[in-house]
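Undergrad: Under my numbering, the first residue of the sequence shown carries the number 338, and numbering increases by one thereafter.
Be a bit skeptical, because a hint or two may be false.
Each computed DMTMM-like pair below joins lysine to aspartate or glutamate, with the alpha-carbon atoms no more than 25 angstroms apart [to be verified]:
#, residue 1, residue 2
1, K344, E356
2, K344, E388
3, K344, E391
4, K344, D355
5, K344, E386
Read the hints as simulated data drawn from the structure, not as lab findings.
Values in this document were obtained by computation on a predicted structure and should not be read as measured data.
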Amino acid sequence: MSDTELKAVLYVDGTPLDETTVSEESELFARVETHYIAPWTAEKEVSVEFEPVEMDDAE
Numbered sequence: 338m339s340d341t342e343l344k345a346v347l348y349v350d351g352t353p354l355d356e357t358t359v360s361e362e363s364e365l366f367a368r369v370e371t372h373y374i375a376p377w378t379a380e381k382e383v384s385v386e387f388e389p390v391e392m393d394d395a396e
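Given the sequences, and given the hints that come with them, work out the whole structure.
TA: Put into structure tokens, the structure is as follows:
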């Protein structure tokens, strides 16, 4: 597993529809393709934003 986790938010027509944490972008793309892109590509704008997950490390 990667040391960096990514928070991925799926937007459809600008509305956040799903959020998950993944270790690699490809994990989310498989999920998005299966559940969202196939039924909506002709009608909706689909985008995904990634950002690092902030870890709660003891200092």
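Undergrad: All hints are to be evaluated individually against the structure, with a verdict given for each.
TA: Structure-based check of all given hints:
For a cut-off of 25 angstroms, the pair hint linking K344 to E356 stands: about 7 angstroms separates their Cα positions. For a cut-off of 25 angstroms, the pair hint linking K344 to E388 stands: about 5 angstroms separates their Cα positions. With a C-alpha separation of about 9 angstroms, the suggested pair K344 and E391 falls inside the 25 angstroms cut-off, and the hint holds. Only pairs whose Cα atoms come within 25 angstroms are accepted, and K344 paired with D355 is accepted, the gap being roughly 11 angstroms.
The straight-line distance between the Cα atoms of K344 and E386 is roughly 8 angstroms, inside the 25 angstroms bound, and the hint therefore holds.
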